[in-house]
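Spelled out from the first residue to the last, the chains are:
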Amino acid sequence: MLIVDNLKASIDGKQILKGMTLTVNPGEIHAIMGPNGSGKSTLASVLAGREFVTVNEGTVTYFGENLLEMEPEERAKEGLFLGFQYPIEIPGVSMVNFMKTAVNEQRKHRGLEPLSASDFLKLMREKKELVEIDSKLTNRSVNEGFSGGEKKKNEIFQMAMLEPKLAILDETDSGLDIDALRVVANGVNKIKRPDSSVVVITHYQRLLDFIVPDVVHVLYDGRIVKTAGRELALELEQKGYDWIRKEAEKSDETWTVKPK
Amino acid sequence: MDSETKIDERYAELFRSRIEQISAGSAPFINSLREEAFGRFRELGVPDRKSEAYRYTNLEPLFSHHYHDYIIPDAGDLNYARNFECEVEDLDVHNLVLVNGFYPPNGGALKTIDPGVSLGSLTEAAVSQSEVVERHYGRYAASDEDGLIHLNTALATDGVFINVPEGVRSEKPVQIVNLVRSEKDIFVQHRNLVVVGEDAEATIIICDHTVSPNNYLTNAVTEVYVGANARFTLIRVQNEHNKAAKLTHTFIHQERGSYASSVNITLHGGVVRNSTYHHLGGEGAHANAAGLYLTDRTQHVDNFVSVNHAVADCTSNQLFKGVLDDVATGTFNGRIVVRPDAQRTRAYQSNNTILLTDDARMDTRPQLEIFADDVKCSHGATVGQIDDNALFYLMSRGINRREARLMLMFGFAHEVVQEIPVEALQRRIDTLVMQRLRGELTRCASCMMRCRESVQ
Ligand SMILES: Nc1ncnc2c1ncn2[C@@H]1O[C@H](COP(=O)(O)OP(=O)(O)OP(=O)(O)O)[C@@H](O)[C@H]1O
Ligand SMILES: [Mg+2]
Numbered sequence: 001m002l003i004v005d006n007l008k009a010s011i012d013g014k015q016i017l018k019g020m021t022l023t024v025n026p027g028e029i030h031a032i033m034g035p036n037g038s039g040k041s042t043l044a045s046v047l048a049g050r051e052f053v054t055v056n057e058g059t060v061t062y063f064g065e066n067l068l069e070m071e072p073e074e075r076a077k078e079g080l081f082l083g084f085q086y087p088i089e090i091p092g093v094s095m096v097n098f099m100k101t102a103v104n105e106q107r108k109h110r111g112l113e114p115l116s117a118s119d120f121l122k123l124m125r126e127k128k129e130l131v132e133i134d135s136k137l138t139n140r141s142v143n144e145g146f147s148g149g150e151k152k153k154n155e156i157f158q159m160a161m162l163e164p165k166l167a168i169l170d171e172t173d174s175g176l177d178i179d180a181l182r183v184v185a186n187g188v189n190k191i192k193r194p195d196s197s198v199v200v201i202t203h204y205q206r207l208l209d210f211i212v213p214d215v216v217h218v219l220y221d222g223r224i225v226k227t228a229g230r231e232l233a234l235e236l237e238q239k240g241y242d243w244i245r246k247e248a249e250k251s252d253e254t255w256t257v258k259p260k
Numbered sequence: 001m002d003s004e005t006k007i008d009e010r011y012a013e014l015f016r017s018r019i020e021q022i023s024a025g026s027a028p029f030i031n032s033l034r035e036e037a038f039g040r041f042r043e044l045g046v047p048d049r050k051s052e053a054y055r056y057t058n059l060e061p062l063f064s065h066h067y068h069d070y071i072i073p074d075a076g077d078l079n080y081a082r083n084f085e086c087e088v089e090d091l092d093v094h095n096l097v098l099v100n101g102f103y104p105p106n107g108g109a110l111k112t113i114d115p116g117v118s119l120g121s122l123t124e125a126a127v128s129q130s131e132v133v134e135r136h137y138g139r140y141a142a143s144d145e146d147g148l149i150h151l152n153t154a155l156a157t158d159g160v161f162i163n164v165p166e167g168v169r170s171e172k173p174v175q176i177v178n179l180v181r182s183e184k185d186i187f188v189q190h191r192n193l194v195v196v197g198e199d200a201e202a203t204i205i206i207c208d209h210t211v212s213p214n215n216y217l218t219n220a221v222t223e224v225y226v227g228a229n230a231r232f233t234l235i236r237v238q239n240e241h242n243k244a245a246k247l248t249h250t251f252i253h254q255e256r257g258s259y260a261s262s263v264n265i266t267l268h269g270g271v272v273r274n275s276t277y278h279h280l281g282g283e284g285a286h287a288n289a290a291g292l293y294l295t296d297r298t299q300h301v302d303n304f305v306s307v308n309h310a311v312a313d314c315t316s317n318q319l320f321k322g323v324l325d326d327v328a329t330g331t332f333n334g335r336i337v338v339r340p341d342a343q344r345t346r347a348y349q350s351n352n353t354i355l356l357t358d359d360a361r362m363d364t365r366p367q368l369e370i371f372a373d374d375v376k377c378s379h380g381a382t383v384g385q386i387d388d389n390a391l392f393y394l395m396s397r398g399i400n401r402r403e404a405r406l407m408l409m410f411g412f413a414h415e416v417v418q419e420i421p422v423e424a425l426q427r428r429i430d431t432l433v434m435q436r437l438r439g440e441l442t443r444c445a446s447c448m449m450r451c452r453e454s455v456q
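Going down the list, the protein sequences come from chains A and B. Position one of the first sequence corresponds to residue 1 (the working numbering), numbered consecutively onward. Position one of the second sequence corresponds to residue 1 (the working numbering), numbered consecutively onward.
In case anyone wonders, no lab produced these hints; they're calculated from the structure. A couple of the hints might just be wrong.
Not everything, but these chain A residues come out facing chain B in the computed CB check (under 10 Å) [stated by the list, open to error]: (1) LEU68; (2) GLU71; (3) GLU74; (4) LEU80; (5) PHE81; (6) PRO87; (7) ILE88; (8) THR101; (9) GLN106; (10) LEU137.
Listing some non-contacts, in silico: residues in chain B with all C-beta distances to chain A over 12 Å [claimed, not checked]: (11) PRO28; (12) ASP77; (13) GLU85; (14) GLN435.
Beta carbons: idealized from backbone N, C-alpha and C, even for Gly.
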């Protein structure tokens, strides 16, 4: 469903992604790990359509379409969802109104009638239970005054409301306590349909005990330098990124001597 | 003679030539204050831009325009008021209509609404409830810098009087619809007096509204006394047209332990200047001043707020927000004065404006004068565009850019709208704000009221 090919992207002229390649098939769960600043959130931003990231080279194909040409809201309507590493607080915009507008925009896109007020509230109630989020939160303004963990839970609540085909969850686990982590992970597993896919960006193997990945990638300095099964996460947990760094540098050298 | 002197002369002449008529239609006590007030006006004049408080609002063109004065109410206008209805759904209020500043004496010039609560014409009250009026009238509307307040004291004949006696909690709000209506360009003055006794409670909604398309200039003064432990809320909704100029001066005097909130919602008007003064004169009192201004084209909205912490242990909060489009301009001047005895004062202020174009302009100025040492004060002002991060967040959920922008502006404005404690009115204002932001409305359609005459 998603093919990222040799993606190079920069922010303010600074090269961040340096030839990313990634393929996600329907139904798969991918984990992307990697040291701070390696470009994980930048990749998520490019996929979701943030303007401040400039794509310099490469292609991103989503269900056969050129994703990079789509507006952010079109991507969302086509089933792409980004769980933000730092969700934004929007005072004055109520969660209810926000979700009602989002759900109905997506329904319109699929040629469906908007939900009636009572059907919408029913849907809210169902999804709130699924991710065990308190009504006190969903009755407030978007993320306003939410704790770090509550904001992350709210991302998963939104994911539950929108039922995406491809969800990219950027460090949804950071800031969660042990119980909340389990709830959020279970939520993701319940929301995921057999043919929908999830890309989790995380620093911790712990999350992957709950959301079990098919593939684990290591993103290092703007490039995926290693791809393996879930055992890679365990290895990283024990050994850190040093050995990856060495391997990557070694391969860098081999690349520099390669004739063009 | 320069133009300022010429203007001052013109209004002085108005006073001299009309004082007999004015006095004849008014009450002895109110008349007794006119000469002195006129003297003060002669000293101060109409404020020009050298005056700190009017630096960004040019009154000259407004005052040099030739208006007819409106000293004696026209019977036709008063009849019109009688038939006027406000149509905000589910708004349960005691309704009162002023036309060009006059109270139409239908069913008595002063009526009793709740036990002991009087509502009606100020002129009438100055005679029949002279004791209350004399204790409060002219006591709070004092200014050493604004000649317009004295001009009002010198010229005003009528307006609304509300008296809520000690201990009475008047649950139903009073709505004053302030209509300006005339075939001619007119200059209107009126004066309101509100007395909320100890432990009493009152909510007042003032709707400023024009019903014919002429040039108008209104210079209105409202004095409010809020007794010890009393609660008072004043909501002002302004919805006039591009040729209307509205200058309001509101003085709220607060006693010990009282709570007073003033909320100004400016949806439309040519030139609008709202001066709001909260005087915290008793310990443990709280003042809340809020305002919202949505302007486009060449409109200008100026909010001047002055919170005076005269004694210890009071708190105050100012929240003013606006969205300016086209070449609209706005001003916010927020003054916090903390007197030497006002220890343990807590005073906060914030002013945030969104400019939708490069040509819209906002001048914002905090003015903190702090003479006590144990004080917590904060102020913040932002002038900018819609937050890109917030916009992207909404769009990333499938909401298109236009709708997302509207939601953000609405949310931005809603923070002020939610200061309106009357639910039906809050809902209505939310709807109007949304329609206004969508640009779906002509002024008339955006109106709170449905008048029988429509105005272009
Ligand atoms: N808006 C921006 N302006 C300038 N530089 C940026 C911006 N956003 C990210 N960067 C830079 O791009 C690089 C990659 O950042 P990114 O957020 O993608 O890293 P990350 O892998 O998600 O890190 P973390 O694990 O800490 O979340 C960093 O060096 C960062 O400073
Ligand atoms: Mg990141």
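Cross-check of the supplied hints:
no.	hint	verdict
1	LEU68	15 Å, violated
2	GLU71	7 Å, holds
3	GLU74	8 Å, holds
4	LEU80	9 Å, holds
5	PHE81	8 Å, holds
6	PRO87	7 Å, holds
7	ILE88	4 Å, holds
8	THR101	5 Å, holds
9	GLN106	5 Å, holds
10	LEU137	16 Å, violated
11	PRO28	51 Å, holds
12	ASP77	40 Å, holds
13	GLU85	30 Å, holds
14	GLN435	16 Å, holds
Consistency note: the structure conflicts with the earlier hints numbered 1 and 10.
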